[in-house]
Every structure is written in structure tokens, then in C-alpha cells.
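The chain contents come next:
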Amino acid sequence: MGLGFRAPFRADLFLNASRVDFLEIVADHYFDPGPEQLAELELLRRQFPLIPHGLTLSLGSAAGLRSDTLRRLTDLVERLEPPWWSEHIAFTQAGGQEIGHLAPVPFSRASLDILCRNIAVARAAIGTPLILENITYQTTFPWSDLDEAAFLGELLDRTGCGLLLDVTNLYTNSVNHRFDPVRFLERLPAERIVQLHFVGGHWRNGELIDSHSQPTPEEVWQLLAEVLRRFPVKGVILERDENIPPFVEITAELQRARGLWTARSAVEAAS
Amino acid sequence: MTEPFEWTAEAEVQDTLVRLWTSDEARARFLSDREAYLAEQPISAAARDRLWLLDAGQLDGFAMSLVQKRFSQVRALLFDVATRIPAEFDSRFSAWAAAHPPAPSQHHQDDARRFGLTLLKVPLALDLRDRLRWRLLLLNLERPGWRFGITRFAHDVRCPTSSDLPRRVTLVVWWSLLRFGRGVRVIW
Chain A
1 MGLGFRAPFR ADLFLNASRV DFLEIVADHY FDPGPEQLAE LELLRRQFPL IPHGLTLSLG
61 SAAGLRSDTL RRLTDLVERL EPPWWSEHIA FTQAGGQEIG HLAPVPFSRA SLDILCRNIA
121 VARAAIGTPL ILENITYQTT FPWSDLDEAA FLGELLDRTG CGLLLDVTNL YTNSVNHRFD
181 PVRFLERLPA ERIVQLHFVG GHWRNGELID SHSQPTPEEV WQLLAEVLRR FPVKGVILER
241 DENIPPFVEI TAELQRARGL WTARSAVEAA S
Chain B
1001 MTEPFEWTAE AEVQDTLVRL WTSDEARARF LSDREAYLAE QPISAAARDR LWLLDAGQLD
1061 GFAMSLVQKR FSQVRALLFD VATRIPAEFD SRFSAWAAAH PPAPSQHHQD DARRFGLTLL
1121 KVPLALDLRD RLRWRLLLLN LERPGWRFGI TRFAHDVRCP TSSDLPRRVT LVVWWSLLRF
1181 GRGVRVIW
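Those sequence lines, one after another, are chains A and B.
Going by the working numbering, the first residue of the first sequence is number 1, and it counts up by one from there.
Going by the working numbering, the first residue of the second sequence is number 1001, and it counts up by one from there.
It should be emphasised that the hints constitute simulated quantities derived from the structure, not laboratory data.
A portion of the hints provided could be inaccurate.
[Claimed, not checked] In silico SDA-like links for lysine to any residue, alpha-carbon gap of 25 angstroms or less:
(1) B/1069 - A/213
(2) B/1069 - A/79
(3) B/1069 - A/247
(4) B/1069 - A/188
(5) B/1069 - A/129
(6) B/1069 - A/242
(7) B/1069 - A/215
(8) B/1069 - A/187
(9) B/1069 - A/175
(10) B/1069 - A/232
(11) B/1069 - A/55
(12) B/1069 - A/207
(13) B/1069 - A/265
(14) B/1069 - A/266
(15) B/1069 - A/262
Bear in mind the structure is a predicted one, so any value in this text is a computation, not a measurement.
Turn these sequences into a full structure, and let the hints steer you where they fit.
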């Protein structure tokens, strides 16, 4: 049971180290690290296993990967020697222009080809296993020729990558695009789901936004329990970015997630 | 290596999408006359055909989300100023964001620094103490590997540093002290 590391957690994290099994760090924050960042990484690494989580590799870019970003990511992964690293199924730049956020790719055969090509390049540079995260999409593309579950299944199948299933993103998409998230889970390859994310978002103009800014809502807890019942995942991360609460609220959420995890383990042991 | 035709069209679509998402002016022109806007773009017919199909509401919605995301990150980084002049901060950020492309994901310090520097050039209802803190914040954003600090700055400034400052910063501060004498301006 782990936590997405953010600077405001720094002090409380070490006081509550026994409640956090591992940390996920935003890889891009440690590209070309200065002395302070190196010291921070070393301090964190001494206490927790660290998983690098990339944001700007832009695996969905049709123009290919940027070699400087890939080099920095490679350096970081080699430095940390994690069991796996992760990136998003998204693009973050095109034509030399940054988007500033994760943008969805169409669920199409062409997108699959692009992702497979870029993932092959990334994996050639970084030997550590890569897992891919599903994102939320506020925009859809009329030329998509697959639905998201089929797209994910084919992507995982073709690349051999694992899935970082963001349960909140799945819930958010199911609300905004009106589908049944449990039916979606039924179509995912169980053996490929390695890690989970969860957190709460907020509503804006009738749309659910994955802002990582709120406590995990009850609907996401229920979906997380369902996911843990179905899939033998290796790790779960609470990913709070904004509107950071007192740390006791963070540990309470981790404790609740740990309870779900333990219940799953008990059922497994009994069977 | 020559890319397959399909990928070339995908790259053209992505380039255009990014412009539409990040530029109010491009999006307004596209939404008012898609045919004219797409005809101006150096893209293939396949890319044009796809972009023609974009949903206007989703295009605006995602563009607004991108600005909101930038705003929340920049506001968190410039929190003191944002809370002292909330309405003006919001309106000026909206105008600024429309004209300035975003920094890469999670590199919001760069957005905050660029926006903060812009704000410093306009008259705002901030007192000198707030302005000084603000400049210090921007300085820290500009050089994330360093830590700049002030302990006393009204008068009788002797060594306006905190204990953990790198030596070079201390030297810069002292150099400024010698040059300008006492007072808050010495830092800069």
C-alpha cells in the first residue's frame, strides 16, 4: 500500500513510515537532478521502495519519442532500480508545443501502431518492466474504431506491458461517458494488472474531473474493492495532488485500502 | 525512415489538436469557420477530414480544463499573492494563459515564474512586504536547486539569509548589500 510522493508529505511521511509500504515518485521532477533532489531521492530510497511514474514521455506522439526525455528517464530508472516503472497512455506534446497535461489518443488501430512503436523504443532503452496507465478523457474522437476496453486489451497484448489501472480514472470515464465500469473490468486481462491508483476528483459543469483533489468517494472505494477481488495486483497507490489534507486523512485512506487488500488476501488464502 | 501515411496524418492531427487546445485564437477561428481554418493548415486531406469531425463542446471543454489545471498549479505556487488579490489574479491569469503556451506537464514552476514576472510589471494593490516576498518566491521558482530566504528586511539588514543557504547565495546577498546599502532593495 503506497503513496504518490509530493513535497508537502515530506515531514509527515517519515513520521508515518510504517504505514506506507512504497512510494511512487513523479519521474519528471527528478530529471537532471540537482544536489538537493539527489539528496531527497537518496533519503526516500533509504526508507521506501521507489517507483518512477513518468508524465511527459508522450508515448502516444505520432512523431515519436523525444530522445532527451527518454535519456533522462533511463538515467532515473537505472539510478533507482525499481521493480517496474510507469507511463500514461497519452500524448503531452506535438509539433514542438507542450500541452501541459495528458491528452488522450483516439482508440484506433493507428494509435495502437504508434504506441507499440514508441513503447518498443522506450523498452529498448529501459530494461525495467513498463506498465501503462489509463487516463481520463474529456474529449472523444469520432474516428476511433475501438472502445477503450478493447483498445487497452490489444495494447497490452501487443506490447506485453502490464497495466497500471487508475480506478478513479475508470470510474470518472464511466460516469462522464456512461458505461458500466464492472463490465469494463470483465474485459481486461487479469494477469496484466500490476498496480492501481485511486483518489477523489471534483465536479465541474456536470462533469467529473480527475483533479486528485478530494477524498476518495464511496463509489471509487466500491470499485477498488471489486478490482482487488478480481485481480492479483502487486501494489496500490493513493495519488493526492491538490487540496492536500492533514496527513492523518491520508493515512486513514491508506488504512482503508489496506483493509480491502487484506480481505482479498484472506479470501485467496481460504480458497 | 519514412513514416507510413497513416502516421503522418496522425502527426498532423495531433499538431493541429494541440494548437486548438492551447490557443484561444486558433480555436475561435476553427469553430467559426472550420473549412477556412483547415484550408490554411499545411496538412493532408486525411487529417483535414478527421479534424472536421471534432465536437465543438468537447474542444472548448478540454481547452478550459487545461487552463484550469494550469491555474490551480500556478495559484498553489503563488498562493500568497493569489489570496491577496483573488479577482485580479484570476482575470489576469486567464488573459495571460490564453496568450502563453503551457509549460510541460508538472513543470508548473515555469508557468508560475513567467506569470509572476508578468504580474510584477503591472500596478497591483500589494504592499512592499508582499512584493518582496513575491520576488523571493519567483527567485526560488527560477532556481529550484537553490533556496533563497530572508529573515529581516525592514531595516538594519545585516545578513538576510537563513542558516541553510548555499554559500554562493550568501555572497550574492552580501555583494548586493555592499552595493546598495540597507533596505529591501538590497536583495535585488
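Status of the hints after comparison with the structure:
With a C-alpha separation of about 11 angstroms, the suggested pair residue 1069 of chain B and residue 213 of chain A falls inside the 25 angstroms cut-off, and the hint holds. Straight-line distance between C-alpha atoms of residue 1069 of chain B and residue 79 of chain A comes to about 31 angstroms, which puts the hinted pair past the 25 angstroms bound. A hinted pair counts as satisfied when its Cα atoms are at most 25 angstroms apart, and residue 1069 of chain B with residue 247 of chain A qualifies at roughly 23 angstroms. For a cut-off of 25 angstroms, the pair hint linking residue 1069 of chain B to residue 188 of chain A is broken: about 30 angstroms separates their Cα positions.
Our distance criterion of 25 angstroms between C-alpha atoms is broken by residue 1069 of chain B and residue 129 of chain A, whose separation comes to about 30 angstroms. Restraint check for residue 1069 of chain B and residue 242 of chain A: satisfied, since their Cα atoms lie roughly 10 angstroms apart, inside the 25 angstroms limit. Using a Cα cut-off of 25 angstroms, the hinted pair residue 1069 of chain B and residue 215 of chain A holds, with the two alpha carbons roughly 18 angstroms apart. Between residue 1069 of chain B and residue 187 of chain A the CA atoms are separated by roughly 32 angstroms; this puts the pair beyond 25 angstroms, and the hint is violated.
Between the alpha carbons of residue 1069 of chain B and residue 175 of chain A the distance comes to roughly 20 angstroms, so the proposed pair stays at or under 25 angstroms and holds. For the given pair, residue 1069 of chain B sits about 34 angstroms from residue 232 of chain A by alpha-carbon distance, which is inconsistent with the 25 angstroms threshold. For the hint pairing residue 1069 of chain B with residue 55 of chain A, the CA-to-CA distance comes to about 15 angstroms; that is within 25 angstroms, so the pair holds. With a C-alpha separation of about 15 angstroms, the suggested pairing of residue 1069 of chain B with residue 207 of chain A holds against the 25 angstroms cut-off.
Restraint check for residue 1069 of chain B and residue 265 of chain A: not satisfied, since their Cα atoms lie roughly 38 angstroms apart, outside the 25 angstroms limit. A threshold of 25 angstroms between alpha carbons decides the hint, and for residue 1069 of chain B with residue 266 of chain A the separation of about 41 angstroms lies outside it, so the pair is violated. A distance of roughly 35 angstroms separates the Cα atoms of residue 1069 of chain B and residue 262 of chain A; the hinted pair therefore is violated under the 25 angstroms criterion.
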